[in-house]
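Residue numbers (the working numbering), protein chains in the order written: chain U, 1 to 157; chain S, 1001 to 1713; chain F, 2001 to 2272.
Take the hints with a grain of salt, since some may be wrong.
[Said to hold, decoys possible] The list that follows gives simulated cross-link-like pairs (lysine-lysine, DSBU-like), each with its CA atoms no further than 35 Å apart:
1) Lys1003(S) with Lys89(U)
2) Lys1691(S) with Lys2046(F)
3) Lys1706(S) with Lys1374(S)
4) Lys1003(S) with Lys1278(S)
5) Lys1374(S) with Lys1278(S)
6) Lys1706(S) with Lys2269(F)
[What the hints assert, rightly or not] Chain F is nowhere near these chain S residues, computed Cβ spacing over 10 Å in every case:
7) Val1028
8) Thr1212
9) Pro1390
10) Pro1549
11) Gly1579
12) Val1705
Hints were generated in silico from the structure; no laboratory data involved. Since the model is a prediction, treat every value here as computed from it, not as a measurement. Where a beta carbon is used, it is the ideal one built from N, C-alpha and C, also for glycine.
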Amino acid sequence: MDAIKFILNGGEVAYEGAATDRLLDVLRDCFGCKSVKCGCKEGECGACSVLIDGRLINSCCVAMGAVEGASVLTLEGYRETERFAALSKAFSELSAVQCGFCIPGMVLAAESVLAKNPHPSEAEIREGLSGNLCRCTGYNAIVNAVNNAAKEANGLW
Amino acid sequence: MDKISQSVVKKDHAPKIEGRSVYVGDYVTARDGRPILTGKLLHAKVARARVLSVQVPELPAGYFYVDAKDVPGDNNVNIVLDDTPVYCRETVEYIGEPIGMVVGPDEKEVQRILSGIKVNYEELEPILDLRAAEEAFFDYEFGHGDVEQAFREADKVYEEEFETGYQDQTYLETQGMMAEPEADGRMFVHGSSQCAYYIHGAVMRVLGCGPTGVHVLQDVTGGGFGGKEAFPSILGAQVAVAACKAKAPVRCVFDRREDLEYTSKRHPSLCRYKMAVKDGRVIAVDCDVIFNAGAYSTLSAVVLQRGIIAAPGVYNIPNVHVRGRAVKTNTTPCGAYRGFGGPQTFFAMERMMDHVAQDLGVDEIAFKEAHLVKQGDMTSTQGRYHFPVPLQAMIDEVDAKCQLKRKHEEYKKRQTGRFRRGIGMSAYFHGAGFTGSGERDLIKAVAKLRKYADGTVEILASNGDIGQGVRTTFPKIVANELNLPLDKVYYDHPDTARVPDSGPTVASRSLMVVGELLRRAAIKLRTVWVEGQEQEVEERFQEPDFMIPFYLDKFQGDAYPTYAWGVDAIEVEVDTFTGVTRVLNAVGNFDVGTPIDYNIVVGQMEGGFLQGIGYASIEKMDYDAKGRIRNNSFSDYLIPTTKDVPNLTAMLHVEKYPYGPYGAKGAGELPLVGATAAYVAAVEQALGAGKHPLRHAPFTAEDTVKELTKEGN
Amino acid sequence: MVNGFVPKTLQEALELRATRDLVPYAGGTDLMVENRENVSYLFLGKLPELRQITVDGEYVRIGAAVTFTEALASDLVPPLMKEAVSRIAAPAIRNAGTFGGNLGNGSAKADSVLIEFVADAKLRLVSVRGERLVDVDKFYLGRKKLDLASDELIAEVLLPKRGLENYYYEKVGGRNALAISRVSFAGVFAEQDGKITNIAAAFGAVADTVLRWKEVEQMLIGKTLAEARALKADYLKAYEAHMTLTRGRVSAEYRKAVCMNLLGEFLAKFGI
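Let's have the full structure, built from the sequences with the hints guiding it.
Have a look at this one:
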């Protein structure tokens, strides 16, 4: 039986389990990607967001068979990038991180917004983050942080 | 801005944004390297029944079934009273009540065993509706003046009934606790929580051991909002019993469905208000407040106390009578949620004031302004507002920010189009710290500072950072007094094995009460500081001497040393075709004293305010005819997204409290308290004030269409 | 691969579908929430034959595995469909969710399906036996019941190229994003030489399937606007009579009131 092969944070990996298994569970339990959080298991909160081939996806709504041959990026990989450093700085300056549980998904959603549109309007940022629930902040600090990161990006995106 | 208010990078920023923080669900092994067993609760499927038998299928090796028979100590969880069982007694009292727990190494196998368990019930008639409740867990009454006389003398007497629904805290991280039996015989309990010492006390009692037989650590916690005040004591006790039986580490993390259905939430309320008016002034109010406590009393006593003390609002009314009851129903036990009873009664009082003003033909805002309490006035419990009450200035600031009064006038004109607008205002407070003599008599907070030889200082206290930032603000206070750079002072998540009991992380008390203890401790340390030496100092809570002693039996005295004040203005546009209401503008003005960190405080205010708007509008939760919570998933229980209230502004008005650190007072809960009243007032104005008195929250799109259909629009 | 197949071509997929008991998996956003036990998936998301948006003389053809995000980026997809699709959930769901999946899930709340109903779209269904075209309203047999044989797959949505320019669309959800439709409405209007040639109205999320009553629409077909205005009361009454709605997250009464309001607004927009 062939394993499911995919790229995880830049490295080739193989998964021997079932194609019906949930990417979220596999990332957390088999590959140690604990930054990927489970908030609801129904695609309604965004805490488990990852980037698959550059697209923002809720990993709770992905079966392993669907990632065969794909490239999956979690915060464990993304946090090594300059773009992450810029977002982290912007978030820190506005204390946009409270309980932190939504943050890994939120950061990847922010990356997804800026990758598509390096100079988004506030409304576009809000649209881009609209699948990521945060119960702590009321969102203003997060939206403003993404906006600031975009402004100070100097061509990072 | 005071120096202490200047924002810093939060101490937990980097680990959280890098995804390195370890929440309870993230542990790969127990602390000693042993594998962690998964525990899953067997929840009752009926609202009220005698449990005749529980048939557990044969268990594979390494799997356990745990229930009340396995509790080594007392099968009661200590909260305020002790009526909440760890695992159910002979009866189950609500859908979801834990009957037992299945524990084992493989989660899927645990799930399989769980679904194979047969429970035989003898069903009993449940009581679901609070109006039908027969038993009151708590029944309080107080007042001042002569209410009956006032009602006799009144020009006009008004009576209205207000209702509010459930609200779920909806922290993004669900409830989760873990228990690890340690080699030295102690039970180590840790998880997502607000009050390490509450859990410590509860687990001691359940295991029947002394204070050194247990220690409790607060893990990084993905939001609490009150929801992790008492509930982790129950879940902590359950996993501790399971770990005892299995002699192995056990973790139980709820899935979202369990969390929404079975964990404590804001009490639904029914408030009957009667108000007497003479010569255009309110001369008496009689408030009858009923909270649906659910099946067990948990925190209902204290939630109700706070709720009824706030029942007459922020107004100077000479004659007051209040009765409050928390009634038992066969529904999920309700508990703490940010605001703690206040949002329900402020909703009733603010709406009542609006409606009376409308009937008198005077402007609602002006009517409220004319009745505002002032410094020196008597509180509802015959205490005093000892410090300046800045509400009028705060209303003026809100008015300047969003043209509240001009718009309020403009929207009074009859509107007939599809889209109609309204603006509503609320004024409210949140009593800072524990109600009554709790700090002095029950909590008796102790905090310590330990200075190490290398000059770093560790804060030893039991208040958990649940996102509100105490891991940053506590060190800011201490570093400021010691003239140290912030990185020399640190505060870890509390473990009861090594920190004193500085009290729970509740009641907006951490910063004001414990922060002040730490400030004084830092001053003490400064005076005894010896370079290169390890030193420790301690501070204990002292009640400020200005306080009028509070007597709970009479509800008399200062219920709070001081108050955080709030004024909200919410402007909406209602689509009369669909009922969908857009918030055009939400402005909250919050006086929480000196912000110890500007960004942190603004973040708290914005977050709390949005939760309040959710409560007012879209966060509807109800149970079905059998008593099961219907809204048990994230597609059925809706909280605001980034796109729901894009125009939300939090303003800070600073009225310093001389007994809080640098003038800080309670902050966390305030911003949620007034949103419901302001929002519903705005919708009411859009639909035509006077024509459509709105008396419940949340007020949904469906409610709006129903209201308009009544009229035949 | 255990419990799953990732075919490389549509032909391979059809052979697998014909010979094994497999659940077609496109974007996963509905299936994974259902979390079915003991099933095997047939992963269709990467099949090139299902990933195209093309146009011919009559139709815009949207492949079953085209995602909502891809449709939003395409110049070929009509604005009405884009507007509906842009209101689906949130970006991460639109990045994964597909047109085929929206259909195959069988829900009356599916936002793209509403548009297919109002547009008289056809579906191309394929199997090893061949292929057939079916009208979308015939495809839905009832709640979660589809006219889809156990060896068939949805290959394409055929959306008429013309006639969707004049439309009225409204989605009522519980909030502004991440919202499942509580009521959705789409109306399409066309006139030629002063006479109404099309006045289609479809209602989503209010019953077991998307609703459309062509016989009521017929009342106004061939009429001038003035004649239509005269018939308006009867026309609305006919809708009232047909509309037996179910309760869901909101009551049937609310749904009906909103449907009638939006229907009225649709007429008003086009001068009736």
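Hints, one by one, checked against the model:
1. Lys1003(S) with Lys89(U): holds (22 Å)
2. Lys1691(S) with Lys2046(F): Measuring from Cα to Cα gives roughly 58 Å; hence the hint is violated.
3. Lys1706(S) with Lys1374(S): With Cα atoms ~40 Å apart, Lys1706(S) and Lys1374(S) exceed 35 Å; violated.
4. Lys1003(S) with Lys1278(S): With Cα atoms ~49 Å apart, Lys1003(S) and Lys1278(S) exceed 35 Å; violated.
5. Lys1374(S) with Lys1278(S): Measuring from Cα to Cα gives roughly 21 Å; hence the hint holds.
6. Lys1706(S) with Lys2269(F): Distance ~25 Å between Lys1706(S) and Lys2269(F) Cα, so the pair holds.
7. Val1028: holds (24 Å)
8. Thr1212: holds (44 Å)
9. Pro1390: holds (34 Å)
10. Pro1549: holds (47 Å)
11. Gly1579: Nearest chain F Cβ is 7 Å from Gly1579(S), so the label is violated.
12. Val1705: At about 5 Å from chain F, Val1705(S) fails to clear the 10 Å cut-off, so the statement is violated.
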